[in-house]
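Asks: Between the sequences and the hints, there should be enough to build the whole structure, so can you do that?
The residues making up each chain are set out below.
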Amino acid sequence: MLRAITKRLRRDKRGISNVIVVMLSLVLIVIIVGNVILWSYQMNQLDLERMQESLTITSLKRITHSSWFTAKNEFSVSAGSRLSGAYTDTTTLDSVHETFIEERAQIFHPSRYVPGGFTSYVSGSIPDLNLNDDIHMRFRSYPNYESRYQESLEESSTTSTTYQDKVSISFTPQITTNYVIIATAEVRGASTAYHAKAQLVVNAATHQELRYRVKDVTDWYPFCGLKYLNLAGGANYEVKIQFCTNNAAGTAYIRNARIIVLSLQSEYAESEELSTTNSIDWQDKVTLAFTPPSSGDYLVIATANYRGSSTSRDVKIRLIQDGAIIHSETIGRPGSGTTANYYTFGVMRKLTLDAAPHNLKIQYCSSNSQGVSGINYAHIAAIRLDQFDESHYVEDEDESSPSGINVWNEKVANTYTADDGDYVIIGSISYRSGSAANSVGLDFQTESTSRQSPTIEQRSQDGYETAFFMTKQTNVAGSKEDRIMWMGESLNARVKNARLISCRLPIPKQIVDVEFFGNSNTQDWTKLEWAIDSSFTTTEVATTFQLYDYSTNQYPASGDGYISDKIGSTDVTENGTITDAPANFRDAEGNWRIRIRGVKATDMQFELKVDWVEFKATTSDMYRLCISNNFVIDLSTYPLNYIHGIEILVRYNVTEDAEKWLLKAYDWATSSFSDTGFNITGGSQPVQSEWNDYAVSLTDSWTDYVRDDGTLLVEFFDEGLSMNQTMVGVDFFGVRAIVDGTCVELKNSSPLTVHVVAAWIINSTSHQRYDADLFINSGEEASYTRIDVSLPRSNFVAKVVTERGNVAVFTGS
Amino acid sequence: MSARKGFLKDKRAVTPVLSNLLLTIVAVAAMSIATTATYVITTNLRENMSERILVEDVWFNNSTGSIDIYVRNIGKVVIHVSNVYVNHTGQIFNSPFRLEIGAQGWLKASYNWESGSLYYIDIVTTRGTHVASYYKAP
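Residue numbers (numbering that gives the first Met the number 0), protein chains in the order written: chain A, 0 to 812; chain B, 0 to 137.
One should not assume that every hint holds.
[Said to hold, decoys possible] Below, in silico cross-link-like pairs of lysine-lysine (DSSO-like), each with a Cα-Cα straight-line distance of 27 Å or less: (1) A:Lys-526 - A:Lys-479; (2) A:Lys-798 - B:Lys-107; (3) A:Lys-526 - A:Lys-495; (4) A:Lys-798 - A:Lys-60; (5) A:Lys-349 - B:Lys-107; (6) B:Lys-107 - B:Lys-75; (7) A:Lys-746 - A:Lys-798; (8) A:Lys-565 - A:Lys-495; (9) B:Lys-135 - A:Lys-798.
I should point out that these hints are in silico values taken from the structure, not numbers from a laboratory.
Replies: The following block contains the structure:
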């Protein structure tokens, strides 16, 4: 067949043209059919469906209230007790009820809290404390102190002219507080023509800088740094000792570099900018003025860097307290390069200060008005020593001479009995090489081990300079001796003002401390019971629970109102019952306070989880009932933006009519029950043994009572006047939202499903369109509620528009 | 080799090839023009057929003095309103007024209407579709 077609095509000269024409004609037909006939069919179908659609508005009415929202859980009874029934009996108006009875005991819960110290709130709210239901308030602990220590003792060298890290601490404090930073090291240079440099930096900011013009390439010159900073909890800080040279031809060396960061409270003053003078009279560089809260011992540390303008003139620096010299003048002479050189001033001394105003000053001057003295990075810290668990101090202020050339002598020794624990040991000394060609050697030792051993050859044979030492070590209990040894290459060498202190650092502890405050009544109490259910996120926390005693104005340390226990990660209920003068634990207004304090020897933060706090007072004569429950408004149907108020309804029955019954709602802003903004605050006077409806509405300040998730906490309670025990039946207890919305009743009479896409409310002044999305099946009716659509008070026209383009119209007024 | 010799010996071989080629080109060109024209015409036709406009609301707006017409595109093509006529007189409106499929918006025609009067409002699209009706000003 194929052969026949081929033959026919070969014979027919116009075969190809015919094929093309036929094929293109077919394309034309497809286009026409596709674009016109099929599309016409589709559009006709659309029109047909539109014609078949039939939607009518059967009614349209204004809605002023949401449905009732009733209890979803059992009522909390803070006074009285539950007799029978369940909360489900209070959800419908049907005379099936839950029954409560008044009791003499009344239960109270905290209305606010105050974290103590650096305790931080984590989660939960005060109402979580009303029930022992494993829903907690959580608080995070804080450390009694924080410290970080790093050392790099080996010798390091560099030819870099940019600063290199020698030792660093990367530190993220747990809490925001003040920290003392102390740094020490020794530097050396390979060329007397250049500088060996060292600096203390915190997050790249320089707080102390030494530029040592090398005098003798074998010498190790002391470097020290001091800074007092407020560091933010949770933020990271980089604390470093860095070093470098000012010329690649002069290698710089550093060793025995140590940094310690301590969260100690300190009196502090600083003046870091450069100050200069050519006066030979003392000039104040920085003044620390303070008044101790009580008489006590202080460790005073002072540091600075100084420079001179002439190789034949000296720079003088001293530390004074209240006008008296407490560290005699140091006299330094610059080397070549003069003002480019900055040398070390670093001293410490223990002072006993009374509770009167005091001032400490770093002063400086020039030895001759021909020379200009300069000083920068001046710091003074006065650290109260009772922050340490213990401290041992010794000093020798006298000038000492060497017993021979290159013979090591002991200048001062601090001998004490240590306990197990971490100690920070600090010392300082004034030295003089006594010759421009000889050095003086110093050796700071603890446990007979050299910790720092600077050797310095001075440019002036008469001047005293200072060296400052610091180390941290863990001591085993027993006798200890820290020493400063020294020697001179010349018999003219001298040392004086030698001091040593050894301070035991506190054992790291985590503390959580929280106080809860509540209100009760001022009736005559016969018994007070208090209970706390709590746990921690760690084990074995020494916990004290205390009830404030207003008669002694303090929390008791034993007896009534005091409970101590070790609490772990499982909730434990602690109870206390007070029958002896229970009214001592409230003030004249009925206020009370409970404190929970947990302490554990650890540096890891943990959390206190408080589940339940109850303060239960039993009166001698008054019967009370107070019930409360949460009512949750469905915000998906009734968004807060469209709620205009709240209504609360209680239908109740009482066996005694001697007192009124009241409603209050929990004000989430003030954390207390209130009836501010209620239209009725006087309560409901019931008729005995009949169902009484007590309805209140809140149109002002109602938002204070509705939490973001739509929850209202409402309490129903008696007036507190009845000496007779009353039974109360609650048939209905609910809340509802006051809204201004619209409900449209629609009927779909067509054989098609209708999709409503818009609604219109039209009056003489406004044509308002609302997007809608409602499907109504064929033959069905639907009720469409919109609380965001408010009907006009005058004549109006409402329209409902379908997706196919039909409009149903309703005229109302 | 022999076929090549035969082709070279046939003095009339070129003419039939050229004529067939020309005929084919003419046929293809003619049909292409016809196809394109048909496509364009039927596409326009289809788009005209697909236009559906719903006037959801007409508001004789007292505050602006204009006639505001809320229009929704319920057809299958994008709509461009080219003219708005009130009582057969073209009016200024918020042009250009374009509605995507399923979109809606206010078409605001500037017109000094009088309360109680009857107006014939005609909305015309660029494809020539008219949506017109009588509306009485309140």
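Asks: Could you work out which of the previously given hints the structure breaks and list their numbers from low to high?
Replies: 1, 3, 5, 8
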